[in-house]
Amino acid sequence: MGIGSDKSGFLDSIKDTPDIVDEREFDGNINDQIMSETESSINYQMMSETEKIDRPLEPLRVMDSKISEILGILRRHFSCIPDFRHMIGLKVRISCNLRFESEPFTRLWGGDSSTSVLDDVDALPAVYATVLKFSSSAPYGSISSGHIPFLLGEPARKGYISGQMPSLDVAIDNVSGEEETFRASVTIDLEPREPTPGLVDVFIETNAENGQIIHGQLQSITVGIEDMFLRAIVPPDIPEDVITGYYSDLFNALWEACGTSSNIGRETFPLKGGKGVTAINGIRSVRLLEVPADSLVRAVERYLAPFVVSVSGEQLINMVKDGGVIRDVSWKDVVSDSFLDLNTPVTDAERGPLHLTYFGNEDERESQVNISKRNMGFFLILIFLPPRFHLLFQMEVCDVSTLVRIRTDHWPCLAYVDDYLEALC
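According to my numbering, the stretch in the sequence shown is residues 1 to 425, in order.
Keep in mind the hints are simulated off the structure, nothing from the lab. Fair warning: there could be bad hints in the mix.
[To be verified] Distance ranges between label pairs, derived from CB positions:
id: 1; residue 1: Leu414; residue 2: Arg374; range: 26 to 36 Å
id: 2; residue 1: Thr222; residue 2: Glu290; range: 37 to 47 Å
id: 3; residue 1: Ser285; residue 2: Gly324; range: 26 to 36 Å
This one's a predicted model, so the numbers in the text were calculated from it and none came from an experiment. Ideal placement from N, C-alpha and C gives every residue a C-beta, glycine not left out.
Take the sequences, apply the hints, and build the full model.
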């Protein structure tokens with residue numbers, strides 16, 4: 001029908017009529033809007049200034065590069081520590097052994113208790129499906145129960161007195177290969193809310209071969225402050241070959257932060273999970289151990305080797321390396337001034353931690369009696385105390401005594417540390 005071009009022209013002719021706007025009215029509206037926005041901006045600025053005046057100002061702080069570096073190390077460290085209030089906390093593992101003596105139970109159950117029979121393993125009594133339940137008044141959190149499918153009784157021991165009460169016992173001790181057959185390994189996992197010693201009560205329920213159910217309370221497990229000792233957590237992005245340096249830097253940062261003269265105490269550090277924060281309130285102490293150097297080194301190798309982060313002093317390094325127990329630590333032949341207490345002159349430290357000055361009665365000549373001979377070196381020891389605390393030892397080792405400088409961010413632990421150090425050697 002030939003409507004293509006006509007329709008196109010018709011559609012092009014259909015348009016909205018443009019509104020005629022009075023330029024004077026438009027200009028007036030714009031001016032009113034600009035004035036309104038200007039007044040609002042001025043009022044907002046005045047309110048903001050008033051709020052700033054009423055609000056207390058944050059104190060200005062001057063932070064040098066050393067403090068900044070320390071804070072960076074500490075923030076990184078604390079960000080790896082789980083907050084037990086919002087997630088599963090760090091656990092302390094106590095390893096024990098459950099055992100029971102055959103002789104009393106054989107007599108009680110009416111079996112043959114002759115020595116020749118008890119020497120035969122098939123004749124020894126056994127218990128089945130044993131359940132151990134644990135509880136404690138100490139702040140250790142909820143403790144999971146232990147399960148032992150089968151346990152064989154121990155053969156009669158020499159010196160056994162007939163008629164004594166049956167003995168079931170959970171013991172923390174080392175077991176020889178022959179005794180492993182008659183003992184079951186038990187692991188107690190604690191989740192401390194505070195690093196404090198305590199007792200863990202043990203309750204047992206088990207089944208005898210004759211169907212009898214045995215239940216009752218066993219001897220409690222003693223948990224010492226040393227059972228709380230853990231290694232500090234290493235951030236996952238730290239390469240294995242620099243872990244030694246990381247531990248050394250962390251010790252130095254915590255040592256500085258726990259000093260009473262440090263201004264890091266006002267800082268807070270977010271814990272893992274980002275919901276909780278913590279602060280460092282440090283305290284320091286000192287302890288003199290009057291033991292020879294070789295005894296001190298043996299004790300450190302036996303009980304504190306996993307926590308040693310640095311050994312300094314050529315003589316001490318040679319002694320420790322010969323033992324071969326302490327490895328993967330920072331070795332420093334020269335004793336750094338930073339190892340020395342700020343209140344101890346270097347000259348005094350070289351003579352030893354303590355010396356006595358007295359005057360003779362005749363010619364009043366001054367003499368000195370050194371309590372300890374020349375300094376041999378230092379042990380730096382970093383211990384993590386769950387859930388988030390630290391215990392630092394700086395051991396100044398001399399020939400016949402060792403001065404232990406202690407710093408911690410959990411002052412109640414000092415009540416137990418003195419006894420621990422005294423029993424260490």
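Take the C-beta atom of Thr222 and the C-beta atom of Glu290, compute their distance, and say whether it sits inside 37 to 47 Å.
With Cβ atoms ~27 Å apart, the hint is violated.
Kindly confirm whether 26 to 36 Å is satisfied by the beta carbon distance between Ser285 and Gly324.
holds (32 Å)
Return holds or violated for the Cβ distance of Leu414 and Arg374 against the range 26 to 36 Å.
holds (29 Å)
The structure fails hint 2 only (numbered hints given earlier).
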